[in-house]
Amino acid sequence: MSLSFPHDVSRALTPGHPNWPGDAPLVVQPGLRIAGGDSVNTGILSTSTHTGTHVDAPWHYDDAGARLEAIPLDVWVGPCRVLDVRGRAEDGLIPGSVLEGLPQQLPARLLLHTGQPAHWAQFPRDFVALAPALIHAAAARGVRLIGTDSPSVDPLESKALDAHGACRDTGVLILEGLNLSAVPGGDYGLVCLPLPLSGADGAPARAILLPAGTL
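Every number in the working numbering is 293 more than the matching position in the sequence shown, counting from 1.
Derived by calculation from the structure, the hints in this document are not laboratory data.
Just to be clear, a hint being listed does not mean it is correct.
[Said to hold, decoys possible] In silico SDA-like links for lysine to any residue, alpha-carbon gap of 25 Å or less:
no. : residue 1 : residue 2
1   : Lys452    : Leu296
2   : Lys452    : Tyr354
3   : Lys452    : Asn334
4   : Lys452    : Phe416
[To be verified] Distance windows between CB atoms, simulated:
no. : residue 1 : residue 2 : range
5   : Leu338    : Ser295    : 17 to 23 Å
6   : Asp355    : Thr507    : 29 to 35 Å
7   : Gly329    : Ala363    : 21 to 27 Å
8   : Ala475    : Gly506    : 17 to 23 Å
9   : His300    : Gly324    : 47 to 53 Å
Even glycine gets a Cβ: it sits at the ideal position worked out from N, Cα and C.
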């Protein structure tokens with residue numbers, strides 16, 4: 294499978310987009326309208342900071358963690374590796390063993406294709422999450438940002454948020470809700486720009502892949 298570039302790995306945000314259960318839904322309401330005598334058309338947007346493809350700032354899972362504006366932009370932009378881990382889950386978690394046989398130094402951005410489809414008709418409650426051991430193993434290989442096509446790095450019912458905790462302990466940042474359905478495993482350039490929301494715990498992001506060596 295070959296890709297055309299730039300390749301969008303963000304999820305399209307449409308009204309009714311299935312967000313995390315209990316979180317604020319995506320609502321787009323009409324604002325000004327030319328048909329109503331205004332000079333322009335505008336819309337009024339209301340949604341969670343964790344809608345669709347989004348990043349987590351450490352403050353999302355740690356009261357002492359950094360907020361979004363404190364994260365350097367170079368974390369979100371640069372060489373990345375997409376790793377196809379479909380069918381590799383153990384008890385619903387991608388284990389650290391998926392990195393066995395890979396170089397001891399990986400690109401600073403690791404994106405995991407767990408098998409989520411391109412579109413969610415409803416929230417995928419049975420998604421595959423990440424084992425804390427995977428986070429630690431990735432960090433030991435130089436990974437600064439870990440991404441997944443799942444809605445979260447932790448299971449839906451988790452209260453301990455062990456994978457988020459592993460990211461806190463290692464300094465690895467989180468990108469969730471990617472659309473990797475058409476992306477073969479391999480090396481690419483990642484450009485992932487979250488909305489610049491000051492003081493935020495996270496933000497929706499537009500993420501694209503470029504050919505390896507571009508960045």
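Hint by hint, work out which the structure violates, then give me just those numbers in ascending order. 1, 3, 5, 7 and 9
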